[in-house]
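Visitor: If you want the building blocks of each chain, they are given just below.
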Amino acid sequence: DAGITQSPRHKVTETGTPVTLRCHQTENHRYMYWYRQDPGHGLRLIHYSYGVKDTDKGEVSDGYSVSRSKTEDFLLTLESATSSQTSVYFCAIRTGETGNTIYFGEGSWLTVV
Amino acid sequence: GQQLNQSPQSMFIQEGEDVSMNCTSSSIFNTWLWYKQDPGEGPVLLIALYKAGELTSNGRLTAQFGITRKDSFLNISASIPSDVGIYFCAGAKTSYDKVIFGPGTSLSVIP
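Chains as they are written, first to last, in the working numbering: chain A, 86 to 198; chain B, 41 to 151.
Quick caveat, the hints were computed from the structure, so don't treat them as lab data.
C-beta atoms are modelled at their ideal positions from N, C-alpha and C, and glycine is treated no differently.
Treat the hints with care, as some may be off.
Residues from chain B shown here face chain A by an in silico Cβ test under 10 Å; the list is partial [said to hold, decoys possible]: (1) F52; (2) V84; (3) I140.
Make a model of the complete structure from these sequences and hints.
Guide: Here it is, written out as structure tokens:
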């Protein structure tokens, strides 16, 4: 257990509405990540953070923004949700300052109707 | 961009059989990770490898960091029904690089 909590775990929203997913960690890790998982595409990195207010884009960042105002919280926002953003979203943290061991949260299931 | 290939895509095996799966990359990696994902849950780290040639075990699971640094292998011995799930490999080029995930190998175990 890497001390990661995602909320909400399940959400249904309408096209065009903004949605924010929250990732909370309890172990003070510097690096945090948001991935989405879709059939046929595996896990794809949306955005990541390497410290408070330090974020960068991943491979599928269009339509998403992130914020990290505190070490423990990393927020993912869908500015105007579309049906193509229906997916499972996983938050992850990286342990240690070196090495790339990634631990995942339990996931947030988002359906955009 | 970078891609990882996993094979096989899926496999159906009899309980008690050994399982082998692999992951290949067109780039050299210095980290290989293996995860298992059960339905409705997040991927769980099984084994992490940081050195070419490294062989690491976790119970009935054994993973190896390929000598070429472009591949990795995962073996499961004496499979049991709870081994069912999707196994993902992941890799990174450097200690600070982003981690790239393979598409997964779906394992089904027939009792």
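Visitor: Was the hint right that I140 (chain B) lines chain A, CB cutoff 10 Å?
Guide: Holds: closest Cβ of chain A sits about 8 Å from I140 (chain B), inside 10 Å.
Visitor: Would you check whether F52 (chain B) satisfies its interface hint, that is, whether its CB is within less than 10 Å of any CB in chain A?
Guide: For F52 (chain B), the interface hint is violated, since the closest Cβ of chain A sits about 19 Å away, which is over 10 Å.
Visitor: Quick check on the hint: V84 (chain B) CB to chain A CB, less than 10 Å?
Guide: With a closest approach of 7 Å, the V84 (chain B) hint holds.
Going through the hint list in order, the structure does not satisfy hint 1, though it satisfies all others.
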